[in-house]
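Trainee: Sequence:
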Amino acid sequence: MVGKTVALRKQLLGAIASGLFLVGGVAATPSLAADAAPAAVTQKVEGHNELWSKLTADPGAKLPVIVQFSMPALPEAAAFASAKAADDAQTKAIHAAQDKILGAVLPSGTLSSAQATEERNLKRMDFSPMFGMLADADDLAKLAANPNVTVIQEDVAVPPSLIQSLPIIQMPAMYSAGATGNGYHVAVLDTGARRSHQFLSTRIVSEACYNSTFAQHGSTSRCPGGATSSTATGSGEDCTASNIYGCGHGTHVAGTAAGFNTSPQSGQPSNGVARDARIISINVFSQFPASQCGSLPSGYNSCVLTYTSDQISGLERVYALRNTYNIAAINMSLGGGQHFSNCDTDSRKPIIDQLKAARIATVIAAGNEYFTNSVGAPGCISSAVTVGSATKSDVKSDFSNWGTLIDVVAPGSSIVASYINGSSNSQFSSLSGTSMASPHVTGAFAAIRTAHPNATVDQIENALKSTGTGISAHGVTKPRINVNSARLALGGTTPPPPTGPANNNFANRIAVAVPAAGSTRTVTGSNVGANAETGEPLHAGRSGARTSVWWRFTPASSGSITITTAGSSFDTVLAVYTGSSVGGLSSVASNDDVASGNLQSSVTFNGTAGTQYQIAVAGYNNATGSIRLNVTGGSGGGTPPANDNLANRIMIPPHGAIFGPRSVTANNTYATAEPGEPLHVNRPVATNSVWWRYTPATSGRITIDTNGSNFNTVLAVYTGSSVSNLSLVAWNDDDPALGRRSKVVFNGVAGTQYQIAVAGGYGNNSGHIRMTVRGGGRYDTTPRPENDDLANRIMIPPHGAIFGPRSVTANNTYATAEPGEPLHVNRPVATNSVWWRYTPATSGRITIDTNGSNFNTVLAVYTGSSVSNLSLVAWNDDDPALGRRSKVVFNGVAGTQYQIAVAGGYGNNSGHIRMTVRGGGRYVVSSAGDQVAGLSSSGPAIPALESSAFTAVASASDTPAPSPARLAAAPVALQQGASATKSGDTGDVTVAAGSQQVSQPATALAGSDRVELVSAVVTPSNDGILRVPAGGGSFTTLAVNNAGADATLTAELSLSPVAGAASALPAGMSICRTDPATSTCIGTRASSVTFEAASNTPVTFAAFVDHQGGEIAYDPATRLYVHFRQGSAVVGTASVSVCTIGTDGCEAGSRQTASLTEIAQ
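Read left to right, the sequence shown gives residues 15 to 1175 (this note's numbering).
Among these hints, one or two may not hold up.
[As the list claims (entries may be wrong)] Have a look at the derived ranges for each label pair, beta carbon to beta carbon:
(1) S480 with S440: 33 to 41 Å
(2) T1111 with P73: 37 to 45 Å
(3) A609 with N721: 44 to 52 Å
(4) T56 with E1106: 45 to 53 Å
[Claimed, not checked] SDA-like, lysine to any residue: derived pairs with alpha carbons at most 20 Å apart:
(5) K98 with G593
(6) K114 with I182
(7) K98 with T418
Bear in mind the hints are in silico, worked out from the structure with no lab data behind them.
Beta carbons: idealized from backbone N, C-alpha and C, even for Gly.
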């Protein structure tokens, strides 16, 4: 499957890079009546006769279709900078291809509205080369005629395929081996899932909805607000209306795969298959009227069905989340139709293949139509895992589809799991179907992934097949899964025999904290593997109650105390004693059953403050299971801590230094666990939790520990805003270096709120807590320096003299290092950096030093525009002549922007910075005549241009030019050192010696088509700077000569170099070609001009800049570019600096006099 993904990526890049996709478009197709389907329709449309008949029978009819198309190649994901970049490139290519095809079908300008309205119900896929839409007969013919369209299928709506099963598939042994699905997720594409249900409230971490509103079918979207898609919290909610057939299906399926019961009662399941996995709930079922639902049972007046296109959108959502969550499998308990062989032209297969290559299995129910040799779609797709159903007696379920297309079998008859019943969050129901079998396999994938995270989908599937128990029917034998055997076949080890619970023996009894006044203290545990000690009494006189575990409770006040086992999952026996050894106990109270039919236990007695009571819980007839022990009374007036509940968590502010420690203290005595609160570190006894929240100010490594606390702690960190939607980040019980204290380390993201819980570990201990957070800090009372980040670097303008010094000052106290920032001078401690930028106006030697600073500095110079793409130019820690100050010397290139960082050296020092830059200044003289006289072939040049840009320094006599146009109009002799004179009232225009160069022709244009450009630029102020008056406008003029072959070129204005980021300027720009004889624009001003560049024939232009709003500060890097293009290739560039008169460095020039209106249009 990896090869398939690589091939698809190779196909997609071509849509971006090659320009060959859909060349020529599609010819118009005449309006079609009820004639025979065109040849292209018969070739590309599946079921074309039926679909064509439906569309041509009614001229206004539109039906939903899915259009698949071919794509050029895309390179492997490794060729991109990140997985996100690869995904973005894939999506961009697919959308571009969709635009091309849709542009030939939809009326011009309606593409965006087609997606936003129901008229076309356009569904754009991001990762699959296809889209869905409502099409009429004309549309279908146009789509089929497109050479890039490969297959068109009708988007058909199909229905969903409607505690004792877990031992059958060996899940208890999996749990003993620690293979519980912890750390993994399953996605359920179904009717949604009720996130408030006690079986799902701690398990659903992400939701989405993809539905359709289609009047012709009567379908209505159930997404929030009636939208066609949503990823908001609550968007994956199941429907609860009792009159809609199919509601509750997804709640049952999700619970079977990975549910966990927060309040188990007798007869309820404790958990689903992957009991520690998390769920991504995606609703893909729209609501339909009874007329579309077939035969409805009594009491229902509508149903839910799912379109194929919505299923694809749901699958693509899972694919997009693959780098956010560890997703093991997707469950699709849905489908329809009858297929005797693989249906690999199905439009769902491409995304299923991509998911499989990403190690995500797509598990699909085979269907419940009693077929003996076939299955429904999409279960017929070869790369999916198709599941049939068996009874708990390992006999094929009578309803289950069967045949060679079945991959594996799982229990699917009479499965008890979460369900809906009005507003109840505790309803469980028994359902049957391959829909119930499929989530058993989905959960099995997640559980096996815990033990074998690197196994492929095929390896896990083959292990399930090879170790399964054969079930035969209709001449075909298929394997019913044995999950632990599959784990062992993949290389697992047999777990050691259970050693019993931690509190199996009296000596290891666990303390129950005193409840708060008026409340109940609940602790949880298990007696699985427990046994009785020598000398242990018969609890409640029951000789068969020998699977006992122990707690201890010391009330803080005297009075009535009640202890119950309500919520435990088995028939309990409860006994309370006083005494300090198992052989010296005195009975206080005991009970087997609360009442007839209630198998839990309860005792009430008068307790004495300060007396330690010993509590034993065992199973009647040695039953075992999960225990909930509830203690009421003996509080002594204690109140829970202020941060007992997540909603009252206490904020920890970031420290002033990045890794500066921030310590807090608290006490968890009288703390409780909230309903729905997760089991921290999977410790059932860790129920006395208190909460904090921490939002790092900077991204990076974060360490949290409980060193200094006076009891055995557990520590857990989550994201999420309520106990019902927490996602685990990190947790720990005992850190090896801290003994019974805890420590976690994780990569934090700036601005993300992390929820921190601390509770008692072994024995539900409580006491004084000291917790320390390191990382993510930033000074929280004094702002960071203005230029702390590269993006906010401060410009240093070049000096008026070439080597004139330019000094700046700053302070790096409270400065930080950005994520991805390089280690300056390879000093890990140099993290408090501040930034400047310097663009030399002339090339040559540049010296920068920090002499005058009051601390040990490091200094580094780079090129590049972001911290992720910086290239080192020079750096220094201690200069020999400057002591602990720094100095660098390098050859600067005019027009190149250099990024300068200064940080603290040894010890990450900070303080006052003084930095001086010498070199790269611009030449300033008293008059234009002096400037021309002072220039030579080696002298200073105009502020830097691109290497392919050419500047002529223009000078005039003392007589002012009557208009800017006259200055621009004179043809410039483009040979080095020559003069150009126009008769009349225009002064001489001189091209300075050495100021011209020959453009580098584009490589693709070598040979007889080679273009060789020489250009000259003149500004009104005669110094290469285009000064724009505030509220007015200015211009620059240029001439270009093509010394190569004749060519058609385009002069195009830009604010960016050929390869670089554009600046944003408060200005309007335009260009025109000028008549050399009349100095007027030829044609209107525009953003580009196309012209014939005949060999050795100069062409002249005028480029205009009109001031609009804010000031444009002087910066040699802020430029107006004119790119000369031949086709798409840039064959030459000219540019000038632009600034607003009156800003620093942008004083009015002597020639800035005339109005732009003097240039005729």
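Trainee: Now, for every hint given, state plainly whether the structure supports it.
Mentor: Going through the hints against the structure:
no. : hint                       : verdict
1   : S480 with S440: 33 to 41 Å : 40 Å, holds
2   : T1111 with P73: 37 to 45 Å : 60 Å, violated
3   : A609 with N721: 44 to 52 Å : 49 Å, holds
4   : T56 with E1106: 45 to 53 Å : 50 Å, holds
5   : K98 with G593              : 64 Å, violated
6   : K114 with I182             : 54 Å, violated
7   : K98 with T418              : 39 Å, violated
This entry does not satisfy hints 2, 5, 6 and 7, going by the numbered hints stated previously.
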